[in-house]
Amino acid sequence: MEELGAIIVLIGSIFLFLGALGLLRMPDSYTRIQAGTKASTLGTLLSLLGFILLMPSWWGKLLILIVFIMLTNPISSHVLARAAYHIKTPLTPRTVVDKYKPSEDPVVEPTKPDTHAH
Amino acid sequence: MVNLLLTLALGFMLAAMVVAVIRFFMGPRTTDRVIAFDVLTITSLSVIALIAWHTQRAIYLDVAIVYGLLSFLGVIIIARYLEKGL
Chain D
4 MEELGAIIVL
14 IGSIFLFLGA
24 LGLLRMPDSY
34 TRIQAGTKAS
44 TLGTLLSLLG
54 FILLMPSWWG
64 KLLILIVFIM
74 LTNPISSHVL
84 ARAAYHIKTP
94 LTPRTVVDKY
104 KPSEDPVVEP
114 TKPDTHAH
Chain F
78 MVNLLLTLAL
88 GFMLAAMVVA
98 VIRFFMGPRT
108 TDRVIAFDVL
118 TITSLSVIAL
128 IAWHTQRAIY
138 LDVAIVYGLL
148 SFLGVIIIAR
158 YLEKGL
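Here the protein sequences come in this chain order: D and F. Each residue of the first sequence is one higher than the one before, starting from 4 at the first, in my numbering. Each residue of the second sequence is one higher than the one before, starting from 78 at the first, in my numbering.
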C-alpha cells in the first residue's frame, strides 16, 4: 500500500514537471495558461492522493485540499485567460481560429430588429 | 523503496519549480508571470505535503490549505485588476 502511494506521488510529480516544461515551451500566454494549470492540477491531485495512501489517518485534510484545488484552479485559470484577452494580449501567429473575437463580418452577425422603421 | 520514490518525486517537483521561476523572470507579459506564480504555488503545495509526510506532522497540511487559498485569491485579484482596474 505504501509503495503504491509513493508511485502515485512520483507520477504526480512527473505531471507537475511536464506542466512546468509546457509553461516554458508554449508560444503565447493562452497556451501557457492551458498547459500550466491543467497539468499542474492533475499532478497535485495525484500527489495528494498518493499521500492519502501513504498516511491514511490524514485523509480529512488531504481531501479538503484535493476538493479545494479541484474547485479553485480552473476558476483562476479561466479568469486569468479572460483578463488576458481583455487587455489584448497577442495570440501566437500560428493561431487557427479565435471564436471569442467580436465578429466584423456583417453576414455572420444576427440581424437586429430595425428600430427606426416607424 | 518508499524513500527512494519520494526523493525522486521531490527532485521532479523542485525541477518544476525551477522551470516556473525561469518563466517568471522571462515572461514577456504580466499574464505569463502570473501563471508562472500560480504553477509555482501549486507545485509548492505538493512539496509542503511531502515535508509534512517527512516530518510526520499533520499541522503542515493546514499551512498548505492557507497557502492554496492565498494563491487563489492573489490570482483572482490580479486578473480583476488587469481587466478593469481596482
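Don't take each hint at face value.
Claimed, not checked - Ranges between beta-carbon positions, derived for each pair: (1) F:L147 - D:H81: 18 to 28 Å; (2) F:T84 - D:D101: 20 to 30 Å; (3) D:L94 - F:I128: 33 to 43 Å; (4) F:D139 - D:E6: 23 to 33 Å; (5) D:P96 - F:L146: 21 to 31 Å.
Unchecked claim - With a straight-line cut-off of 30 Å between C-alpha atoms, the simulated DSBU-like cross-links for lysine-lysine are: (6) D:K64 - F:K161; (7) D:K104 - F:K161; (8) D:K102 - D:K91; (9) D:K104 - D:K41; (10) D:K104 - D:K91; (11) D:K102 - D:K64; (12) D:K91 - F:K161; (13) D:K102 - D:K41; (14) D:K41 - D:K64; (15) F:K161 - D:K102.
The set of hints was computed from the structure by calculation and includes no laboratory data. Quantities reported herein were computed from a predicted structural model and do not represent experimental measurements. C-beta atoms are modelled at their ideal positions from N, C-alpha and C, and glycine is treated no differently.
Which of the numbered hints are not met once you compare them with the structure shown? Structure breaks hints 2, 5, 6 and 11.
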